[in-house]
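J.: Given next are the chains, with one letter for each unit.
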Amino acid sequence: MAQAVMKPGTARGPVSGTAKPREGRKRKPLLVDLYGTAVGKKYAMAISGIALLGFVLFHMIGNLKMYLGASDLNHYAHFLEKLLYPILPEKVMLWILRFGLIAMVLVHIHAAYTLTVLNRKARPVKYQSARDYQVASFASRSMRYTGVIVLAFVVWHLLDLTFGTVNSYTGTKDAEGLKDVYGAVVYTFDRVPVAIFYIIANIALGVHLFHGVWSLFQSLGWNNPRFNKWRQALATSFAAVIVVGNVSFPVAVMAGIVG
Amino acid sequence: MSHHLSNLTLKVWRQSGPDNSGHFESYTIDSISDEASFLEMLDVLNETLIGENKEPVTFDHDCREGICGTCSLMINGRAHGPERATTTCQLHMRKFKSGDEIVIEPWRAQAFPIVKDLMVDRSAFDRIIESGGFITAPTGGAPDANLISIPKPVADAAMDAAQCIGCGACVAACPNGAANLFTAAKITHLNVLPQGQAERYKRVEAMVETMDEYFGSCTNHGECEAACPKEISIDVIALMNKDYRAAKFKNRKELSRN
Numbered sequence: 306m307a308q309a310v311m312k313p314g315t316a317r318g319p320v321s322g323t324a325k326p327r328e329g330r331k332r333k334p335l336l337v338d339l340y341g342t343a344v345g346k347k348y349a350m351a352i353s354g355i356a357l358l359g360f361v362l363f364h365m366i367g368n369l370k371m372y373l374g375a376s377d378l379n380h381y382a383h384f385l386e387k388l389l390y391p392i393l394p395e396k397v398m399l400w401i402l403r404f405g406l407i408a409m410v411l412v413h414i415h416a417a418y419t420l421t422v423l424n425r426k427a428r429p430v431k432y433q434s435a436r437d438y439q440v441a442s443f444a445s446r447s448m449r450y451t452g453v454i455v456l457a458f459v460v461w462h463l464l465d466l467t468f469g470t471v472n473s474y475t476g477t478k479d480a481e482g483l484k485d486v487y488g489a490v491v492y493t494f495d496r497v498p499v500a501i502f503y504i505i506a507n508i509a510l511g512v513h514l515f516h517g518v519w520s521l522f523q524s525l526g527w528n529n530p531r532f533n534k535w536r537q538a539l540a541t542s543f544a545a546v547i548v549v550g551n552v553s554f555p556v557a558v559m560a561g562i563v564g
Numbered sequence: 004m005s006h007h008l009s010n011l012t013l014k015v016w017r018q019s020g021p022d023n024s025g026h027f028e029s030y031t032i033d034s035i036s037d038e039a040s041f042l043e044m045l046d047v048l049n050e051t052l053i054g055e056n057k058e059p060v061t062f063d064h065d066c067r068e069g070i071c072g073t074c075s076l077m078i079n080g081r082a083h084g085p086e087r088a089t090t091t092c093q094l095h096m097r098k099f100k101s102g103d104e105i106v107i108e109p110w111r112a113q114a115f116p117i118v119k120d121l122m123v124d125r126s127a128f129d130r131i132i133e134s135g136g137f138i139t140a141p142t143g144g145a146p147d148a149n150l151i152s153i154p155k156p157v158a159d160a161a162m163d164a165a166q167c168i169g170c171g172a173c174v175a176a177c178p179n180g181a182a183n184l185f186t187a188a189k190i191t192h193l194n195v196l197p198q199g200q201a202e203r204y205k206r207v208e209a210m211v212e213t214m215d216e217y218f219g220s221c222t223n224h225g226e227c228e229a230a231c232p233k234e235i236s237i238d239v240i241a242l243m244n245k246d247y248r249a250a251k252f253k254n255r256k257e258l259s260r261n
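Protein chains in written order, with the numbering used here: chain A, 306 to 564; chain B, 4 to 261.
This is chain A alone, in the form it adopts within the complex (with noise of 0.2 Å):
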């Protein structure tokens, strides 16, 4: 159990010793000069957070036409596919904002998994006795294990209802000649092991967003004491927001509401 004394030539510096001086370094570009240190890492991570925030919240609010009926929810998905149609053809517009996605996604999880590495790295020997935590909660402790589980969502989700892999009905037309989007949803929490996954993986989502809405401000420095005590209420609330609309979907398609 020796906490080794660090070498010199390893990646880390030797404790003692003199300063490097910080002059002769040379700089990078920009960005990848902020995203070498853990503190820009943390930026990269509350910006692309943004990014998927937008696209959690709206994803959402876009599912709820489900509830004004099938023709409202085929036409919205129509909709999406002709973003910027005609100045652009059918789908393109919805690409690029995929690929922006993707990159967050990316972005996201390549700072996760270099930062829990770094921070592996400055704790080699663990505590031999129990730690008594105060502050650190539920969600700030699990963000990792939240943040495998959306992925993990993630992939099935797209392989259900965009991909239609593991969902028949997928790509199906209605009788207006749209894509029968109402039908998938319908047709796959129908699915009850399915639809279970789904309520799990968005509370898994709601957690992850509890502590990562808060910790957002934080990692850009936005701290102002007269906002302060707004910034938990507002990651509660978004999480709240989030996971009771999500979860309405499956309970209203097993309760008959939607179907």
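No wet-lab data here; the hints were simulated from the structure. Note that the structure is a prediction, hence the values are computed from the model and not measured. Be careful, since some hints might not be right.
Derived DSSO-like pairs: lysine-lysine, alpha-carbon spacing no greater than 30 Å straight-line [to be verified]:
#1 A:Lys333 <-> B:Lys205
#2 A:Lys431 <-> B:Lys100
#3 B:Lys205 <-> B:Lys245
#4 A:Lys431 <-> B:Lys14
#5 A:Lys534 <-> B:Lys233
#6 A:Lys431 <-> B:Lys57
#7 A:Lys370 <-> A:Lys478
#8 B:Lys155 <-> A:Lys534
#9 B:Lys253 <-> A:Lys333
#10 B:Lys251 <-> A:Lys534
#11 A:Lys426 <-> B:Lys251
#12 B:Lys245 <-> B:Lys233
#13 B:Lys251 <-> A:Lys333
#14 B:Lys233 <-> A:Lys426
Going by beta-carbon spacing under 10 Å, a handful of chain B positions derived as facing chain A [claimed, not checked]:
#15 Arg81
#16 Pro85
#17 Arg87
#18 Gln113
#19 Ala114
#20 Gly219
#21 Ser220
#22 Ala230
#23 Asp246
#24 Phe252
Note that CB positions come from ideal geometry on N, CA and C, so glycine has one too.
Fit chain B to the given chain A structure using the hints.
T.: Chain B in isolation, oriented as in the chain A frame:
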């Protein structure tokens, strides 16, 4: 009228050197005054060990009045023990009960290698300070007092941050072994004051990047703030993050700042 605690069991981390493996060793304190400080209790234990011709427990301590930042100890899983805003030397045995088991571990972090038993080397903090935790002031006659006017709230904010005694409880308490609270406190107490402006951006860049060589990253748990014997707020971390971004984006030639 003081009372005595009896029959305390101590589980103390013993490690003979940096490269040796360590283990917990159990000791019994038959009777100790509740007015004794935690370190005085360890002194009593050491007296007993020396009397028995055994190796005393090595631990860090100096001023014993809560201002030097030398004492440490993870006591029952909490940095500086169960009392909020209190260093180990200011923690008294009246916070414990007769028959308690008290587990004592050193700070654990890659940047804080164990020297012996409960003593760790915190010179990684010195590396951070050396890289920018100062102002470059010309020598000469002392300037007139109040020559530079500083608004009261600014002076208070600087003072709150400057309370940091560099004990390392923030690193010890952080689940990630991050030193953001320490570094941010040291940056803040200079960066909010007029005297600190000349080197503001160079300072934050150098100190954050030096911190990065030794410590983990902040995930905003808030454990550091809860463990800090000087109750330094994590608001200072937000200021550090903001200044670090500014340091990267500002055209410092135009600002005439290095």
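J.: So, for every hint listed, does it hold in this structure?
T.: Do the hints match the structure? See the list:
{"no.": "1", "hint": "A:Lys333 <-> B:Lys205", "verdict": "16 Å, holds"}
{"no.": "2", "hint": "A:Lys431 <-> B:Lys100", "verdict": "28 Å, holds"}
{"no.": "3", "hint": "B:Lys205 <-> B:Lys245", "verdict": "14 Å, holds"}
{"no.": "4", "hint": "A:Lys431 <-> B:Lys14", "verdict": "17 Å, holds"}
{"no.": "5", "hint": "A:Lys534 <-> B:Lys233", "verdict": "22 Å, holds"}
{"no.": "6", "hint": "A:Lys431 <-> B:Lys57", "verdict": "28 Å, holds"}
{"no.": "7", "hint": "A:Lys370 <-> A:Lys478", "verdict": "18 Å, holds"}
{"no.": "8", "hint": "B:Lys155 <-> A:Lys534", "verdict": "23 Å, holds"}
{"no.": "9", "hint": "B:Lys253 <-> A:Lys333", "verdict": "15 Å, holds"}
{"no.": "10", "hint": "B:Lys251 <-> A:Lys534", "verdict": "29 Å, holds"}
{"no.": "11", "hint": "A:Lys426 <-> B:Lys251", "verdict": "26 Å, holds"}
{"no.": "12", "hint": "B:Lys245 <-> B:Lys233", "verdict": "23 Å, holds"}
{"no.": "13", "hint": "B:Lys251 <-> A:Lys333", "verdict": "11 Å, holds"}
{"no.": "14", "hint": "B:Lys233 <-> A:Lys426", "verdict": "27 Å, holds"}
{"no.": "15", "hint": "Arg81", "verdict": "5 Å, holds"}
{"no.": "16", "hint": "Pro85", "verdict": "8 Å, holds"}
{"no.": "17", "hint": "Arg87", "verdict": "9 Å, holds"}
{"no.": "18", "hint": "Gln113", "verdict": "5 Å, holds"}
{"no.": "19", "hint": "Ala114", "verdict": "6 Å, holds"}
{"no.": "20", "hint": "Gly219", "verdict": "3 Å, holds"}
{"no.": "21", "hint": "Ser220", "verdict": "4 Å, holds"}
{"no.": "22", "hint": "Ala230", "verdict": "7 Å, holds"}
{"no.": "23", "hint": "Asp246", "verdict": "8 Å, holds"}
{"no.": "24", "hint": "Phe252", "verdict": "8 Å, holds"}
In summary, this structure violates none of the numbered hints.
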